[in-house]
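Number of protein chains: 2
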Amino acid sequence: MPATTSVPRIRSWWGWGYVDAHPDDAECAALGALLPGTLARPLPVPRVADLPIGRPAATPPPALAHLVTTDPQARAAHAMGKAYRDVIRALRGRPGRIPDLVAHPTGDQDVADLLDWAGEHDVAVIPFGGGSSVVGGVEYRGDAHRAVLSLDLTSMNRVLEIDTTGRSALIQAGALGPVLEAQLRPHGLTLRHFPQSFEFSTLGGWLATRAGGHYATGRTHIDDFVQSLRVITPAGAGTSWRLPASGAGPSPDRLLLGSEGALGVITEAWLRLQERPGHRASVSVAFADFRRALDAVRAIAQSDLAPANCRLLDPGEALLAGASPDGSSVLVLGFESATAPVGDRLATALDLARAYGGHAESPAADRDAPADPAVSAWRSAFLRMPYLRDGLARMGAVVETFETAATWAMIPALIDAVRTEVAAAVLKATGHPATVNCRLTHVYPDGAAPYFTVAVAGRPGDEVAIWDDIKAAANDVLHRHHATITHHHAVGRDHRPAYDRQRPEPFALALRAAKHALDPHHILNPGVLID
Amino acid sequence: MPATTSVPRIRSWWGWGYVDAHPDDAECAALGALLPGTLARPLPVPRVADLPIGRPAATPPPALAHLVTTDPQARAAHAMGKAYRDVIRALRGRPGRIPDLVAHPTGDQDVADLLDWAGEHDVAVIPFGGGSSVVGGVEYRGDAHRAVLSLDLTSMNRVLEIDTTGRSALIQAGALGPVLEAQLRPHGLTLRHFPQSFEFSTLGGWLATRAGGHYATGRTHIDDFVQSLRVITPAGAGTSWRLPASGAGPSPDRLLLGSEGALGVITEAWLRLQERPGHRASVSVAFADFRRALDAVRAIAQSDLAPANCRLLDPGEALLAGASPDGSSVLVLGFESATAPVGDRLATALDLARAYGGHAESPAADRDAPADPAVSAWRSAFLRMPYLRDGLARMGAVVETFETAATWAMIPALIDAVRTEVAAAVLKATGHPATVNCRLTHVYPDGAAPYFTVAVAGRPGDEVAIWDDIKAAANDVLHRHHATITHHHAVGRDHRPAYDRQRPEPFALALRAAKHALDPHHILNPGVLID
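Taken in order, these protein sequences are the chains called A and B. The opening position of the first sequence corresponds to residue 1 in this note's numbering, with each subsequent residue numbered one higher. The opening position of the second sequence corresponds to residue 532 in this note's numbering, with each subsequent residue numbered one higher.
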């Protein structure tokens, strides 16, 4: 037998995740066959050697040189995030502006020194974690700065301290999801924050973008797990106190959560941890009527049952995920606890679902029981989805996923309007009909977070323009329904116009003033949030 | 039989709550007898006629005159909050600066007009709700402004709109607790926010100070019930969108929550409501050992049982509250639900408590069952306490209550240090020994919020100086243990020096810049939070 060797997996510079997990040409073609009008053959995988990478427009001083690389591969991999818009630009050989420099600081002093140098030399600094932004959050647009430095935090990836009494940990911002969980596991603890990007995004990215995570109810955002933050700004550094709660003035942490690198660089944080749950139960519930399924989900969200998972897939999503072949909507419902068995909570939730016409598979209780097949199918599809999106992109398809949140009274009309209006925009932009699929990813007593997906054949070379048209239609319908431009994907550059319209004017004034105070040379992630 | 007539109860201008609920001279004397060295007779109830109330230093224009009063009684009642420090200053005839004017706006335009006029004429504006501040949050100190206007919001007290689908309501900021609950009750809904000041504090006050409420775990602060806020600032007005959750930039609401009137005037808010719980169960658990009781509470807080009430009284608190005569610590534990019976959760929590040496009375389950006597005793004492404090003040006692929050690893040493060091400061300042009592009011997986009470005979006329010495000692020990200067009482003016030391410097820069942008003439609640 051959000896087993551990080969590090290679990350794609242009597409999602690991190169070895990308769909091959045959799978791309099979995906393309699902969408009439796509290309006959997949676009070739782009090569760094073909990119227009010029000489860096700035050179760091000798004292910082060891932190900085000008390697073309590294610069290409830090040029953009991983939105469809980014992937298709790479495939079409028109990526965003390639940063001049990529820095890998190893500690707070490195970050401060790099910011000082950048401020003195008019160098824009783009904080960069896993690079999984799907909203244009980590690229430079325009030419207002002399040079662009991508500040990659992933060398700062250690769990520095664990407080087992208070179940919390001090974690460096550059730790990717699996990297931090591996360090917590020996202590029997977990952050339990599992966004779809978990493998390819960092704690710092989650904090800066208010990422949505594992829990479908209750503490859905990373915000609620933050005990304290450390930030390095061009105007100085600071750390908030480790507190379980406080009423001392406005929360200092909440101004940094969602600041998307525009106010400072979050370098470490104390996070609240969980015990691993020993009790689990899950079930899928089929509904013939999506409207009644919405009512069932609302009833569950307004109970105090607090399911960890409560994701409603409409018929199109359920079909795509392999969770239902028959046109039903499917509610994926899961409970977990480290304290006590959860069978009663699941049973009560099922009673609520049945009252609205839900039909349940037999629930799968206890951690060792086989999971409900629809639940398993959904989980696998969830993690594979970004790879498939890139496969579709290689077939010249245009793919858009967007998400929002609104109050319950708005939800049915919002979902209907998105389906109708975005489909109309797709038809107008491409000539092809398309179905807009919807799922609810997180639910609240007062509202829900719908997530929409649409895929359609583009016109070769016009994919970005088509995507922009579809995005404009989506943003418009969200705005008219007072639905947030993002529940957990962040604002970045793609959502900026819509964010500007949504943000209350007094907060815009305050944010602009705070930005100017903390980043007086305006070098931090220019174009994000506020000018 | 005599006809029943409804006589409006009269609020005290100088002391807590209703005049008819104040301890009479005999009860004051009985209270004083508990503290060696207090006065032989109670200080007389102060009279407005004896106050040095001068001519107002500013006159509003005719267009605003109907909103403004210069009545001495009204001006006196708006001079201070209801801290011990305020009460003793009134009793000693040395109140804080009496405002020149008291305004009662009836809508947003009134507020905006008053702010415009005040900004043009260098008039400080102190937003005022129920006036229950215990931290000097609603008085003017210094003489940097030409005049002082107290902006009383209580004429804006209506529930404007109810969304029963999303269980939320649009409520004007000036509604006192009972006023808003009375308007919600016909709809079967409740905000369920019951701070000790419930009868005498407003929604706007709760929001501006991040008030702590009914729930001992989970959503402890009003912050978590906010769906959107409307604010009027000198630089303009704005309303955040009604959203169940959002990831679009830093939360605009979280900058206003805790802003204590320094950034703008909150005039209305959409709040998330609850169904009235139909299932309840409560029990009191006695512990011989306070340290083990702390461990029990931590175990319960780190479970997912989510008790609505989980208040631990140390032996002194338990004795005072009539909850235990025998030197035990008492844990008051309550569960409630609108969804399902709570007996199992109570039983599981009791198992946890017993594992740390807790002895339970028989639990009282179901809403109609008689409440546990210790639970009832505690509730009555809780609401009566501020009145008794004023009775002690009339006997020349010095009374201080202060509260904080810290991580679990800090809690035992923090409580010990507070007891020792504050008792030493009391002895030094007064010559009298005193006991510092402690209870935990709110608990979290990662920490707890202890609340401390101390009462001692003062020296006639020196009460404020003694209180200041005790307060300085308390602030110092909190700071050395990295315990927040306030968990839910707010910063005001009394906590300002400690707050300045606790706040991260980048946030101070951002807050100062935001203040300058929103309040360019620096008229809003000067001296609070930031200069």
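Some clues are possibly wrong.
Claimed, not checked - Derived list of chain A stretches under chain B, where covered just means 3 residues or more per stretch with a C-beta under 8 Å from a C-beta of chain B:
#1 43 to 49
#2 255 to 261
#3 330 to 344
Stated by the list, open to error - Reference excerpt, derived from the structure (chain B facing chain A, CB under 7 Å, subset only):
#4 P539
#5 R698
#6 G778
No lab work stands behind these hints: they were computed from the structure. Cβ atoms here follow ideal geometry from the backbone N, Cα and C, with glycine treated the same way.
Results for each hint:
With 0 residues bearing a CB less than 8 Å from a CB of chain B, the region 43 to 49 of chain A misses the requirement of three and the coverage assertion fails. Using a Cβ-Cβ cut-off of 8 Å, 6 residues of the region 255 to 261 of chain A lie near chain B, which meets the minimum of three, so the contact claim holds. By the rule of at least three residues with a Cβ nearer than 8 Å to a Cβ of chain B, the coverage given for the region 330 to 344 of chain A holds, with 5 such residues. This hint is violated: P539 of chain B has a C-beta 32 Å from the nearest C-beta of chain A, more than the 7 Å allowed.
Nearest Cβ of chain A to the Cβ of R698 of chain B: about 6 Å, under the 7 Å cut. The hint holds. Below 7 Å, beta-carbon pairs count as interface contacts, and G778 of chain B has one with chain A at about 4 Å; its hint therefore holds.
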